[in-house]
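K.L.:
Here's the letter readout for the chains.
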Amino acid sequence: MMNKVLFKKPKNELETSSRFNRKTNPAIPQELCRSCPSCKNMSFRSDLEKNYHICSKCGYHFRINARQRLNMIYDIGSFIEHNQNLTSVNRLDFPGYTEKLEQATLFSHEKEGVITGVCKISGFDVCIFVMESSFMMGSMGQVVGEKITQLFEYATKHHLPVLGFTVSGGARMQEGMLALMQMAKTSGGVKRHSDAGNLYIAVLTDPTTGGVTASFAMEADIILSEPEALIAFAGPRVIEQTLRQRLPKGFQKSEFLFEKGFIDRIVPRNLHKETLSNLLTLHLAPKGGETHGSL
Amino acid sequence: MEAYKRVALARKKTRPTGLDYIENLFTNFIELHGDRCFGDDPAMITGLGFLLDMPVTIIAQERGKNTKSRVKRNFGSSHPEGYRKALRQMKLAEKFNRPIVCIIDTSGAFCGIGAEERGQGHAIAQNLMEMMALKVPIVSIIIGEGGSGGALALGVADEVWMLENAIYSVISPEGCASILWKDSSKTKEAANCLKLTAQDLLELEVVDKIISENHRDFKLVYKELKINLYKTFKKRKVLPKEELTQLRYERFRKFGAIEEKELID
Ligand SMILES: [Zn+2]
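Protein sequences appear in the order of chains A and B.
Note that the working numbering has the first sequence beginning at 121, numbered continuously upward.
Note that the working numbering has the second sequence beginning at 9, numbered continuously upward.
Derived from the structure by calculation, the hints contain no laboratory data.
Certain hints may be false.
[What the hints assert, rightly or not] Below 25 Å or equal to it, Euclidean Cα-Cα: the simulated DMTMM-like pairs (lysine to aspartate or glutamate) are:
hint	chain 1	residue 1	chain 2	residue 2
1	B	K80	A	E360
2	A	K170	A	D195
3	B	K190	A	E219
4	B	K227	B	E167
5	A	K240	A	D384
6	B	K196	A	D213
Owing to the predicted nature of the structure, the values given are computational and were not obtained by experimental measurement.
Using the sequences and the accompanying hints, generate a full structural model.
P.N.:
Given below as structure tokens:
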């Protein structure tokens, strides 16, 4: 990944200038230390990286991008990306959308709001998708819907499990009803994968809301989540505006959803790979008790 | 016609509601209640009736006709138990091989503490997934407002029809204006941009048919609907189950499909 960035020729001036700006862009801090938004503890960036971007004092999970997350999960060198060049078009001529897409590409260094592909996790072949929050808040438009649906179709065809990390503001309103249709489309992909007897594990991360919560995020066989992630259909601000009242503390956090029975387990980021490996082993290892051997 | 005019028409208080459609399209209607988990949602009416001589399952969102009934119906915004009730009835429709008619009219799934606690997102997601595989014909009709996921949760159908003055949108024009432009006075502009009218959506193939309201008597609209529903179900009922669900999958699969697929095999 790093090599790619270093050696890829810039395609246009905008891209060049963005890479130059990267040093000064506050969204990608380059300083040595970062302060924890939760407990204000200062950590060295190098220490944070070693600790899965979790605050060593209070356990706060810093937001990370999709590539960082992928790197934490797959077996070294095993990831093959699918559809990496798919980009969105402004089919409805929605004002400002074309510019927003360009900005999102520059800001996130990704072409769209989800990365999909195949990889190995502890030796098991897995189809994986990871949503990217810095690309228009991981919103789902036609490309996100298409990449995820194609991944489920590929997984169904090859009898592979799907592992998905969600982070999303919901359906992308600049694509109008074509974005909403992606909820049905991805759900169809999940359903066929499921009916063919394949495993789908979702890991919900902060924040997962709207049309993604109301489709493939909540359709997994096993739903895990990071601690204290916001997981909602309607975001807290929308509810506060509708009800004109403050919401209780911890409302719509993963611990709240866990208590209500919508999440199987809350798993801190440093235990993701271990937990996923165990779940994959339990589903995919040669099944015991099926031969006539003695105990 | 300007998009926002349609929005106003779609939301007009005197516009016929789900109950009017039930009364005029079906005979022997019997309402069946409850999701068997939590409660009964009055914003979602489910039951059985005859479409001419054909027994069908009817799922209808109901926003109410006067202040009292609007409050009772929660203005047509369902809680998770509404969607779960709908799914329960749809599964029974599959068991007894009855076609399903969904009548959509909601500003959206309800946004509130109880709705979130009981898994609004989960309930909608289950409907999307299960409707995709139901082995009986489904037709969804948007009669007024089709508000985002709360409408789509009844909208995964073989055919989706829309009344001429109905709207169907990913977000309300008000919400779009305030989120994107932080300016609620831009609602009309947002309504135009969102492409939420029946005509726009027919062009985008999100809906398959527009039901004309250009009659002096709304009874003629019901009559047209009744005949169209009957013909469509008759045609689809004879399809092999696999073909029926395959066609439904493809109907939704086509949105944003990439023609030049990369070689990933
Ligand atoms: Zn901390």
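K.L.:
For every hint, state whether the structure bears it out.
P.N.:
Hints, one by one, checked against the model:
Simply put, K80(B) and E360(A) have alpha-carbon atoms about 22 Å apart, close enough for the 25 Å limit, and the pair holds. Annotation: proposed proximity of K170(A) to D195(A) holds, straight-line Cα distance about 17 Å (limit 25 Å). Pair hint K190(B) plus E219(A) holds up; C-alpha atoms about 18 Å apart against a cutoff of 25 Å. A distance of roughly 22 Å separates the Cα atoms of K227(B) and E167(B); the hinted pair therefore holds under the 25 Å criterion.
Between K240(A) and D384(A) the alpha-carbon distance is near 23 Å, which keeps this suggested pair within the 25 Å criterion. Taking the CA atoms of K196(B) and D213(A), the gap is near 16 Å; set against the 25 Å cutoff, the hint holds.
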